[in-house]
Structures are given as C-alpha cells and as structure tokens.
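S.K.: Protein chains in written order, with the numbering used here: chain A, 521 to 676; chain B, 142 to 432.
Think of the hints as simulated: they come from the structure by calculation, not from any bench.
It cannot be assumed that every hint is accurate.
Claimed, not checked - List of simulated lysine-lysine pairs, DSBU-like, C-alpha gap at most 35 Å:
#1 B:K355 with B:K400
#2 B:K411 with B:K372
#3 A:K648 with B:K372
#4 A:K657 with B:K372
#5 A:K648 with B:K331
#6 B:K280 with B:K169
#7 A:K648 with B:K280
What the hints assert, rightly or not - Per the computed footprint, the stretches of chain B lying under chain A, defined by three or more beta-carbons under 8 Å from a beta-carbon of chain A, are:
#8 148-162
#9 392-405
Glycine included, C-beta positions come from ideal geometry on N, C-alpha and C.
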Amino acid sequence: MSDIETELRVRRIENGTVIDHITAGKALNVLKILGLPDSSEGVVSILLNSQGMHGNKDVVKIENRELKVEEVDRIALIAPNATINIIRKFNVASKSRVHIPTFVEGVVECINPNCISNSNEPVTSKFKVTTEETGLKLRCFYCGRVISENIAEHLL
Amino acid sequence: MIDHILNAAEMMEPIAHGEQRSDLLAGKILAVLFFEPSTRTRMSFETAMYRLGGDVLHLGSVDASSISKGETLADTIRVVDGYADAIVLRHPKEGAAQLASEFSRVPILNAGDGAGHHPTQTLLDLYTIKRESRLENLKIALAGDLKYGRTVHSLCYALSLYGAHITLISPKELGMPEEIINDIIERGAKIIETDSIEDAINDVDVLYMTRIQKERFPDAAEYQKVANRLKITTESLKDVKPGLKIMHPLPRVNEIDPKVDGTPHACYFKQAFYGVPVRMALMGLVMGAIE
C-alpha cells in the first residue's frame, strides 16, 4: 500500500505532528508515553499495522500540537525507528528521527517491588538507558535493577 | 577513590586499636538511622565515631518514632540532617540511600539497602584482602548463598575493578544472578561457576564464605544436604595454599567448623575489626576532616 493510500485511510492533518514508522502494534503505548489524548485538545488518529516500505508499522497523527524533542525521545524506548514529522499548513515543516535518551524520568516503573521508587516517597522513577546488542537496557537509578524486555509493560 | 579510602584506613588502624588517641571528629555528630536490626555494622560505625572523638545520635526504636506514624524517609532525612554532620542509614528498601542523598544536606553513608548494596562492608572486605592477602592478581572463591547475599554482590563488583579471578560456589538454586555475572565480566573479572568447594579451595588466595539460610529451601533435608556440601573443616584445608585466607561477613552458623578458627587461614574476626578503621576513614573523608 502506498503512503498516499495510507493518507486516504487516515485523513491528512493541517497542523500538528505525525509519528511514523512506529513498530507495528506499539501505537497505543506511544499514546500512553505521550499522555495522549489527555495532553492534547486536537483529534488524535491512529493507524495500526499499516504496510510500509520496511514491513508493517503504526502511525499516530496528532492535530494542532507540535511535540517537543524531549517528549518524542521517550518514544524511542518502545519505537526506536519512529520518525517525527511536524506538519504546518498540510506540509512537512520538519522531519526527524527519535533519539534514544540516556536518561528517562517518570516514564517507566521499576520492576523491583522492593525498590524505594515504588513506595510513597516523593520521587519519580528514573532510569539510565543504554543500547546493547540485544536491545535497550534500562537501569533503575535507585536500586540498579535492569529492565531489558517488554519495556512497554512497565510504562507508568 | 577506593584505594584512597583503603590507604586512609591503614592510617587509622592504631587509633582503631586504641593505641593512639584522636580528636579528628571532635564536635561532629553522626546520626545513626537503622530501620533494620544490625549488630556489627552499627557498633563498628559507633566505635569508629567515638574513637575519633565524635558523638553519635540514635534514631531509637522505629516503633516509637515518627516513621511508625507513616513519615516518609525523605521527610525523616530532611529533619535529621539538621541535627547531624553525617547520616548512616540502613533501610529495608533497595535504593533508600540513593533517595536519602537527594534530600539530605549532609553526607549519607549507606549501611545496607534491602537486598541492594552494603558498600562499607565491601570496603572492609577489600581492606581485609589488601591487608591479609593481595588485591592484584587475586584468585578468590565466593561460597554459599550468592543469589540473595548483597555482600557478595557488592564485593564482586568491587573485585572486578581489580581484574580478579572469581570462582562462584553455590547450589544451583542459590547461584549468582546472571545479570550481575554479566556486569562483572564486562567490568573485567574472570568468572568460573561450580557447586563444590573442593573444586576451587586448593587454587585460591581467599575463600569468602557466606551463610546459607534455611528458609531459602523447601524442606530441612534439602537444606542439610546443601549446607553439608558447603562446609569448611580442618580436613578441607589439608591441600590449600599456605597463605589462604578464609573470610566471612558473620554471623556464621555452621558453614565454618570452629576448629578452623585456630588455623592461620581464619581471618573473619580480623575482618570484623577492620570495619572500624575503614569506617573511621570514610567518616573522616565525608566530614572533611581528612582529604
């Protein structure tokens, strides 16, 4: 299916952000990370399992909101190949890839139930992010426990 | 930094023995916040402080304190840091000391955070190895409960900095977590895993024993079988290196036969003493009394 046909399935947006090349099946997690739709007043459209040049992918379109760099980089935890298109007056004003952050705060909860970040203390979870051959590794800033699989399951 | 602390500890030894007097920390107060029971760690911190002329402030019973009323650790720390020049903290949750350091205006010394780390124990273990054996090209075997023992986890991380050859001896169900093994290999240690002390004891410079807890096993017979296999007697020592040192963080139960205590290999009570000069050095450093 071409991009044009894809566009016909989910309408083009006039202003806002299109997150493309999301790993197929992960679009809902992307929304969760971005706090959508609560954090936006515009329409949010999702395209799941669309055929792309490099296999199936998901696409998210957020109307009337341009995402900030630090917001989109958090997406890299679950969709490292995603691209971010800022749309102004139906044109792509800028296009960029997500960058894997070296540190994330308040996105994922620690898998260690006895970690101090999972108690009633006034702190948010923090993780150091590293890229290994086997994928991403998130190391808890507090207890040191590592999350390397199913990161999406531990989103806050 | 580790070497710097170990060198400072060596200078503290005569004071720790009571052979010299010191006022290095006179006028300074150490707050001792132990949310879990401890004998050796708490007493050696207190001794270290008194030997340097400082004073100690206790949390007292957790039941009688504001913690039992639901106060967060963050709030406790923000109150206590106004009363003391440093805080030593033991807490049942992993990462507690890290959190405390975010809220405290005075230095925090981690005296154990849940199953996490116990860095001052690690430093005194390193100091013992340095004083009684050697840290360079060290061959060491760690035996017992390597899965839940935070002492051995922290020690492995520290030994990897010195490129140690580490043999891990434990029953399968109490093996060192793979995550930690991968980490320490990445940091430069060489690792061998086995479930028998006999396989390793004749080849190492240090044997580090730990206690195996009964409650980790489904039945008493299984525990007994494993405990007997990981027990040191004078018989086990007949072909070891003359300079072999046996360490143990204590308390021991029956993993080291008391007859071993009289051999030149036994090092565990000295190890317990070395906690004092190491903690003296640490407190001198964090309170700015020494550089």
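S.K.: Against the structure shown, which of the earlier numbered hints fail to hold, in ascending order?
M.R.: 3, 4, 6, 8 and 9
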